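K.L.:
Chains as they are written, first to last, in this note's numbering: chain A, 90 to 725; chain B, 4 to 349.
Just so you know, these hints were derived from the structure itself, not from any lab.
Source: prediction; values computed, not measured.
Misleading hints may appear alongside valid ones.
Only some residues are given here: those of chain B computed to face chain A with a beta carbon under 7 Å [claimed, not checked]:
hint, residue
1, 73
2, 89
3, 98
4, 111
5, 112
Not close to chain A: a few residues of chain B, all C-beta gaps over 10 Å, as computed [stated by the list, open to error]:
hint, residue
6, 67
7, 251
8, 271
Cβ coordinates follow ideal geometry from the N, Cα and C atoms, glycine included.
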Amino acid sequence: MKPFTYLLKPIASAAIALVATGISLHAQPSAQGPASREVVESVDERRNQYLARVREMQDHRVGLYHEDNYARIDNSAMAILLMRGDEIEACNRRVLELMEEPGTGPFWMFPTAMVAYAGRDKLSDEARGAIRDAWRTTRQLRGDTENHWVMYHAAMYLMAQMYPDEPGSEWWNGLSSSENLEEGRSWLLDWMDITTTIGQGEYNPTHYIGEYAIPLLMLSVWSEEPAMRQRSRMLLDWLFAELATVTLDGMLRGPNSRTDDTSVVERWYALANYFSWQLFGNIPAGEGFRGWGWGNYFSVLAEYYDVPEVIYRIAVDRKHDILQRDRARSRRIWRYGDEHMRPIYKTQYLRDEYAVGSHQGGISDPIQSHVWDVTWTVDDPRGVHNTMFSLHPHSSGKVMQMFFCTYPEPMPHAVTYEGKPSYNSANKLLGCSPYEEVVQDLDTVIALYDIDPEANFPQVNGFFSKDLSDVTEHNSGWIFARGGTTYLAYRPLADYHWQPHIRYPNGRDPTVTEETGGRILTSPHVKNGTILQAADGDEFTDMVAFQSAILALPLSYELDPVPSVRFTSLRGKEIVAKYGETPYIDGQPINYGDWKLFEGPHLNSEVGSRVLTITHGPLGRVLDFNTLSSTDIVLE
Amino acid sequence: MQSTPHRNCFTRLTALVVALGSSALAAVAAPAYDFFICANVNQNYVIGSKIDTTNGLFRHDSANNTWHHFGYNDRTISAVAVDPRDHDTIYTTTLNGIWVSYDGGDTWKMTNSWDMTEGRDVAVDPQSPDTVYFALPDGIAVSTDRGQKWERRENGLPDRGKFTQAISPDRVIADRVLAGCEKGIYLTENAGRSWRQVLPTETTVNDLEQSPHDADRWLAVTDTHGAWQSHDNGETWNLITDLPNDRAIYNATYDPTTPGRQAVASWAHGVWTSEDGGASWAQRSAGLPEKPKAWRVGVDPNSGRLYVSVFEDTLYYSDDFGRSWEPDVLAGSSVNAFLSIRRENP
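Just chain A, same shape as in the assembly (with noise of 0.2 Å):
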């Protein structure tokens, strides 16, 4: 099955072990090369590589800031030393310096509120009332994303926490700290009780995961109710398990509600997969960890999650093919729509060496969509471009209106400099379409466009990687490639030209540009479609024979006047697509209507029930949030 072998994985280990004994390496074990994908069967060794990969994060972000330099120390680094009990006096030094000018918002606030709880009974009565001072005086904005808020609530909810019986004046908002903690709640409860009934919102984030999961861990560990405890930790199992299941060796594919022109088409770079290294161990890390920041935070507190082992087998443990389907929400919509929040209805179809991923289409956020791709495995997969997708270029003024407070001019333009860098750009790579129809079947893809011609950029882009070989464009109209050891036909259905793909080197330039080697297909025609058909390289003696099985495949399309497939595809499914319709396949039409939260064979859900069955084997977990109830099940 695996043409590659694992042959550094005993010098990771060895690396980790080193380190869990206490042996500082001051270099990163786990960055040294690829990781192991074999499962760790001992109960006690998994959570001491877990512990030691918490200590390897600690380790690094500790040492960056060596004795001399921890005047520059930052809040993350400064958390762990304050836990750990060490360098207290330069924490003191720090602390004041940093609130002499505090920030402005969930960025600023949830470390700021690690600092204050890791360092409640260790730093001086002169810096915890610096810390307090800045939450009297500083004005905190509440940011304009879910991701935001989470942040925003969960640190204000633990402020008013440590500071309780006081009145408005000592709160930059002028409320009670019995006001701040009331509002930090219901807010909380109202987005797990959202959560837990009709899914996420910024579902399978590449890079936002963090900024959930690490308040959540906060609150978890930190909060002095009960209830709030167990929510917490029960939601940390929630987007874990769905972490577990949508990652291939480690790496979060598509879709994703948000992501960004690197994690795109380097799917090893996103934070998400800080977490499958340091839940699953699956991943390896790159060089300083790179990407990875927010990682540093969740180590703080990290010792104090504890991996269920039916999650860390839905990771690390495959022996068969996983196909979920799954529902998740769009992120709210302020106007220019007819819902409030759109239901995403997700499609994951994971095999040993390749993954294909993929939802519906449509607007679902308005800047960094993913909206499907077929991703494969390589040995080591950090700075390999391993996905393959395509895309209609998307860029509307209108459509942010739809999502923000904004108006239809200044947003596209100055969203390039914020770290969306590609937003305006037709070759870009990132984002959704409200002119893109998807369905999936499988392994099997077709995606339809039917693009308005006065839209910015009226073309379909198609992603070639810098890493794919064998690439063939046949006189068929298919063009054949092996991505890894999978097997890739992409037909495109209208004519295309090439141009390099670039990447953009400073997120907040948009105009400083690198190309990477890699290709754009672009297709400038309004009525428009792709199809792609992923095979696993065991499933032909070559390239010859998949190419003769794709060319015998029955296809037939029209684009006009709106594109039409009809596709019998490499598992024998005959996919009937017309855009703007219901698709079908082997005659039965989809019914997203009676999709539930979550449906496969590790984690299922109905609509809004508020439990998730999380199995694996006969290993079984059952968040309950009615009950607030975590059940640890074992089927017969």
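Given the coordinates of chain A, work out where chain B should sit on it, guided by the hints.
P.N.:
Below, chain B without anything else, positioned relative to chain A:
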């Protein structure tokens, strides 16, 4: 509505301003009005950054022709309202919701609940000043106790389509309010207990302004559904055909000093003015930066000076109602709202 010159002014004062004229006003020792703006000075701020610039409320110092900041520093203030009886009672809408000060801006309290955030506009009913209206991206809330508590009053608004960008009480009839929403202009005559649509629109109504000279006259501007005027106190509306409607118009203003003068701001089309009560309009962008990104217009009722905020550029002013422009201070600013309030003892 982002720009609300004269929203809370008294009719009798308007008459005084008109009678004196702008040049006469400039000669008196103290201006009759306080003139405020809500301004943001952006330097690529993103959520979480430290705010390096001074933002929020500024009061015009006419003696020195400059602006003085007061209140809190927040670059998300979208609108401001002041109690006409007590100028120390100030309401501001922000990303967080609504902030109320009862001491002239020294201390503030956030009085909205977590499900009433991203405030778009706020307005005091000048004939019933305990009643305050709060425009939200998902509807309208009303306070009857000077902003301490809020309740949603949305009966008659559409379930989808009640994104409310502008809210404007009638300055002469208590409890009568016009709301600019995604799907049109809505009118209440009972302090928000029920609303009815008086103009359907395909895109959001960005601003609503009542004439300081004739309470029956209103201006409304939209994203891409044109600019509209009413001559029967908002009951019926007529499209202003002289103004472009292919791109958004962000706000409108009347000139309190001169009947017939009005202006609108459009990112794509610049500043347009009328001097004949809206019968004809002319583009007045000469002297502004090329493609001026006109964000808001407002008129200083003390002088008749027309201001335009050019997005993240600066304020410009014109003493000939748009025929020529000069840059003011506040480099890098975008002004979200203009507001003038009559002084008790000018």
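K.L.:
At a threshold of 7 Å, is the proposed contact between residue 98/B and chain A supported by beta-carbon distances?
P.N.:
Holds - the Cβ of residue 98/B comes within 7 Å of chain A, reaching about 6 Å at its closest.
K.L.:
The hint names residue 73/B as touching chain A; please verify it with the least Cβ-Cβ distance against 7 Å.
P.N.:
Where the cut-off is 7 Å and the nearest Cβ of chain A is about 14 Å from residue 73/B, the hint is violated.
K.L.:
The hint names residue 112/B as touching chain A; please verify it with the least Cβ-Cβ distance against 7 Å.
P.N.:
3 Å, holds
K.L.:
Was the hint right that residue 111/B lines chain A, CB cutoff 7 Å?
P.N.:
6 Å, holds
K.L.:
Minimum C-beta separation from residue 271/B to chain A exceeding 10 Å: can you confirm that?
P.N.:
Per Cβ check, residue 271/B is inside 10 Å of chain A; nearest 7 Å; violated.
K.L.:
Check the non-interface label on residue 251/B: least C-beta distance to chain A beyond 10 Å or not.
P.N.:
At about 5 Å from chain A, residue 251/B fails to clear the 10 Å cut-off, so the statement is violated.
K.L.:
Min Cβ distance, residue 89/B to chain A: is it shorter than 7 Å?
P.N.:
With Cβ-Cβ at 18 Å, over 7 Å, it is violated.
K.L.:
Find the nearest Cβ of chain A to the Cβ of residue 67/B and say whether that gap is larger than 10 Å.
P.N.:
28 Å, holds
Comparing the model with each earlier hint shows violations of hints 1, 2, 7 and 8; every other hint is respected.
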